[in-house]
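Trainee: Here is what each chain is made of, one letter per residue.
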Amino acid sequence: MFNLKFAKTLVVASAVSIAAATSALAFPDKAVEYIIPFGPGGESDISARFQQSFFKDKFGQDLVVSYKPGGGGAVGWAQLNSMATDGYTIMGTNLPHIVIQPAQKDVGYTTEDIRNFYMFHYTPDAIVVTADSPYQTLDDLIADAKANPGGVTMSGSGKATANHLAQIRFDKMAGIKTAYVPFKGTGASSTAMLGKQVKAQWGYTTVGAAQGDAVRLLAVAMEERHPLFPDVPTFKELGYEMVGGAYRGMAVPKDTPEEIVKRLSDMFGEINADEAFRKQMLDGGFALLDVDAAGMEAFMAARKAEYLEAASEAGLLN
Amino acid sequence: MTERAPAAARKDVGTLIIASLFIVLGLLTLQDVTTYSDTDSVVFPRFVAYALIVCSALVILASWLRPNPANGFGSGDWWRRVLLVATMLVCCFVMPAAGFLPATAIAFAGGLIAARHEGWSVKTALVFAVSGVVIMAAFYALFRYPLGVPLP
Amino acid sequence: MDFQNLANALTLTNLALALFGVVAGTIIGSIPGLSATMAVAVLVPITFSMEPASALILLGAIYTGAIYGGAYSAILLNTPGTPSAIATTFDGYPMAKRGDGDLAVAIACYASVAGGLIGAAALLLLAPPLSTVALAFGPVEYLWLSVFGLSLIASLSTGNLLKGLAGGALGMLLSCVGVAEISADIRLTFGSSTMIGGIEVVGALIGLYCIPVLIDMVSTPERHLKVEEGGRAVRFREGAAIAWKSRVNLLRSSIIGTVVGILPGAGGSVAGLVAYSEAKRTARPGQKFGEGEPDGIMATEAANNATVGGGFIPTLVLGIPGTPPDAVILGALLVQGVRTGPTLFDGGGSIVYTFIFGLFIATVLMLPTGLLIGRYAYKTIVTIPKTILVPAVGFMTIIGTFAIRNSISDIVIMIGLGTVGWVLSRFGFAASPIVLGLILGPIAEQGFVQAWIIGEATGNLPGMFFGRPISLAIIAFTLLSLVYPAIQSRRAKRSLATKAEAND
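Residue numbers (full-length UniProt numbering), protein chains in the order written: chain G, 1 to 318; chain H, 1 to 152; chain B, 1 to 504.
Hint data in this document are derived by calculation from the structure and do not stem from the laboratory. Please note: incorrect hints may appear among the correct ones.
Unchecked claim - Keeping only pairs whose Cα atoms sit at most 20 Å apart, straight-line, the calculated EDC-like set for lysine to aspartate or glutamate is:
1. G/K304 with G/D290
2. G/K105 with H/D32
3. G/K196 with G/D132
4. G/K30 with G/D266
5. G/K56 with G/E275
6. G/K196 with B/E456
7. G/K304 with G/D106
8. G/K172 with G/E313
9. G/K30 with G/D57
10. G/K105 with H/D38
11. B/K386 with H/D77
12. G/K177 with H/D38
13. B/K226 with H/E118
14. B/K386 with H/E118
15. G/K177 with B/E456
Could you put together the complete structure from these sequences and hints?
Mentor: Printed below as a string of structure tokens:
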């Protein structure tokens with residue numbers, strides 16, 4: 001079990017991490033702290049809370065969720081690498097945030113600084129309208145946008161976010177121009193859509209799950225239809241190459257021993273594989289994803305290229 | 001700033017200095033907004049900076065014409081004020097290295113000394129030190145355990 | 001809604017949970033830095049193993065208690081324990097200073113209970129129709145609401161209007177520091193990466209209000225609060241009489257609190273400020289707001305506790321959290337498998353009604369517990385020697401500020417702002433306008449930017465800003481509260497000659 005890479009780490013590691021590495025066999029033997037770099041109540045918090053109870057059941061230790069909000073997550077990520085490297089401190093990470101933020105400005109970390117060990121779900125992009133909206137299908141919206149260039153208002157959460165990038169990419173694909181109205185968080189952007197302050201929302205499938213009959217999804221950015229919305233087409237079906245949304249995962253400080261990273265990755269993979277957990281997540285409108293520590297590099301590289309292209313085309317990176 | 005009497009004199013120097021600093025802050029903001037990439041982030045700070053500059057200029061004018069003699073630091077021991085704030089700041093800077101309780105003990109001791117006007121005896125010093133330790137330990141325990149705050 | 005639900009709420013477990021929640025919430029809320037949001041978030045994991053209705057009752061009770069608890073430190077230490085209690089300091093601390101702290105704590109309790117009950121009643125009886133208010137409020141309405149809130153600066157800074165406005169502008173600039181909420185620029189950090197997170201509002205409140213009090217406390221040997229010895233044991237009754245006399249104010253403030261609570265973009269702090277502003281506008285001659293007027297405390301406390309019930313309306317009916325603690329509760333419900341939305345009231349209604357009755361019970365329990373804890377808090381603050389009070393409060397500001405987002409730099413910012421705030425206040429720049437700017441600035445900015453984008457897209461900018469009925473009503477109220485003090489002071493001057501001695 002002591003492979004070459006691990007042996008190498010051992011040589012350079014301090015006494016502290018040797019102790020930590022040896023105890024990896026019994027990992028975890030105390031509570032694991034799970035830092036969410038946002039305030040409570042958002043999608044990151046809710047999905048972490050879903051994991052919390054399964055973690056305790058499976059591994060007998062508490063997963064303690066704490067919050068370190070600020071700078072749209074940047075405050076937490078900038079501090080991640082100065083935290084304890086024993087695997088008992090993990091932090092939630094979000095895409096596209098950790099790609100776009102460092103690309104835009106100096107935020108105290110780079111994308112490569114973040115050592116993600118598992119990406120466990122994403123909230124697929126979706127166009128959401130109220131149940132009584134005149135837009136019955138995606139084509140209705142596109143037709144209106146073509147007739148009134150810049151006149152179709154669409155709410156979304158923040159700028160340079162998953163919603164905003166989706167809007168930019170879709171406008172380009174469909175050859176339309178819509179007006180993007182940024183709100184503070186998905187809740188506020190849903191409220192604006194429900195109150196008809198805007199004509200449609202760039203939201204997620206989770207909005208559809210939370211609002212039920214009050215809203216209609218026009219399309220979702222998934223490979224296949226979401227089981228919760230069997231009648232809603234994917235963008236792909238309608239001829240638009242759009243798959244994605246906001247991805248969420250967990251990371252550890254850079255210098256955490258390989259062995260422990262592997263163990264954490266396996267543990268969260270096990271939670272992700274649990275049928276009850278999958279059902280809870282799907283019912284909430286989330287889409288599950290299984291990118292473990294081994295597959296992370298390829299996954300991140302693909303996402304990074306995709307996001308940077310959309311962001312630089314939109315002029316967000318100067 | 002450490003002399004006290006002149007504040008009540010002819011001109012309300014403190015107000016003039018503060019308002020001038022506000023104007024400088026406004027100008028710095030106007031400089032800063034030119035570096036933003038998104039016009040949506042420019043509008044509000046620029047508007048507020050103008051408002052701050054105009055208000056502060058009017059404050060200077062009004063204070064020049066009719067200084068308010070009530071303004072000033074008043075009487076009071078400077079060393080106590082400085083000690084209180086300084087020990088709290090020192091506490092923050094040593095906290096990452098020293099840990100939470102030792103660091104806050106510095107601030108606590110500073111506050112004790114600053115607030116004690118009646119003089120010290122061995123007995124009072126002991127009593128206050130002990131009650132200080134009890135208070136700090138109690139709050140530390142409350143925050144650390146039931147509330148789950150990761151204190152350093 | 002039938003009595004079965006009331007009976008469900010009245011089980012021994014639920015009663016015990018409500019009692020525990022109110023007591024724990026009151027204590028947590030009274031510690032500066034520990035907000036209602038945090039109190040609720042801490043309890044969430046415990047509720048996973050509970051019945052959904054019991055979990056809701058516990059969370060609702062702790063939320064109610066925390067909003068009330070914020071009044072203690074506002075009154076006794078001039079430090080709002082939660083942002084909701086900002087306007088409580090305006091009159092609460094002057095009352096405590098002159099020796100009426102126990103009375104202030106008692107009337108705050110009565111007002112909180114009244115506000116809580118009215119908010120809960122609105123939730124029980126009118127939730128589905130009232131939830132439309134949340135949707136009727138668009139970006140422009142939030143913009144004008146924040147302008148209305150800012151107009152309070154004018155009436156707060158009598159004789160020092162220019163300095164008040166400059167302070168308000170400073171506060172709004174401070175609110176811009178860090179990553180912009182809705183556009184992604186990093187603003188006013190001047191290259192410092194510690195400032196990216198911006199200025200945390202609660203930390204800033206603690207600094208701007210509490211540090212100056214501490215600095216003033218150490219500089220002279222005088223007592224912190226004036227105490228009058230002997231014969232002052234029956235202030236509960238005196239407080240009740242004052243509260244009864246101001247029942248119109250209580251009712252109006254509770255309604256304001258309920259409505260503002262429904263608005264997802266505004267919380268207890270805005271509710272308290274709006275209610276305070278209205279109470280001040282409709283003051284009787286002789287009432288001196290800002291100098292220890294009981295009606296000021298009652299307006300704020302009734303309004304902020306009414307936001308509890310009000311905030312649950314959009315949370316439960318629309319699945320949109322009305323206030324930040326509601327967002328946490330909504331998350332807990334999702335984990336429990338409870339779906340919010342209109343169907344919750346029809347189909348699975350029993351959970352909701354059990355919860356609402358639980359909220360009523362918790363609010364009623366707040367009356368005895370609140371008075372009791374309040375009395376104890378008051379006694380502690382007055383009897384404890386200053387030598388230990390100063391470092392203890394200083395310690396609490398440090399630990400409380402750290403706890404908000406586990407950040408040491410926030411403590412440094414808190415102390416720095418506090419020291420600057422102390423210097424400013426010595427030269428007539430009061431803390432409250434800065435705080436109003438800090439809190440209302442982001443609401444104004446977001447409302448403005450969003451309204452501008454929508455107005456431009458629809459080709460009707462003037463109509464967007466000045467053509468919507470709710471906006472016009474808010475603008476009218478703003479003008480009224482700006483003009484009214486002038487009329488009032490003229491009227492007061494005229495009657496001054498006749499009622500010179502009836503001033504007290």
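Trainee: The structure should be examined with respect to each hint, and the outcome stated for every one.
Mentor: Hints, verified against the model:
no.: 1; hint: G/K304 with G/D290; in the structure: holds, 18 Å
no.: 2; hint: G/K105 with H/D32; in the structure: holds, 14 Å
no.: 3; hint: G/K196 with G/D132; in the structure: holds, 10 Å
no.: 4; hint: G/K30 with G/D266; in the structure: holds, 17 Å
no.: 5; hint: G/K56 with G/E275; in the structure: holds, 16 Å
no.: 6; hint: G/K196 with B/E456; in the structure: holds, 16 Å
no.: 7; hint: G/K304 with G/D106; in the structure: holds, 17 Å
no.: 8; hint: G/K172 with G/E313; in the structure: holds, 10 Å
no.: 9; hint: G/K30 with G/D57; in the structure: holds, 14 Å
no.: 10; hint: G/K105 with H/D38; in the structure: holds, 13 Å
no.: 11; hint: B/K386 with H/D77; in the structure: holds, 15 Å
no.: 12; hint: G/K177 with H/D38; in the structure: holds, 18 Å
no.: 13; hint: B/K226 with H/E118; in the structure: holds, 18 Å
no.: 14; hint: B/K386 with H/E118; in the structure: holds, 10 Å
no.: 15; hint: G/K177 with B/E456; in the structure: holds, 14 Å
Figure legend: structure checked against the earlier numbered hints; every hint is met.
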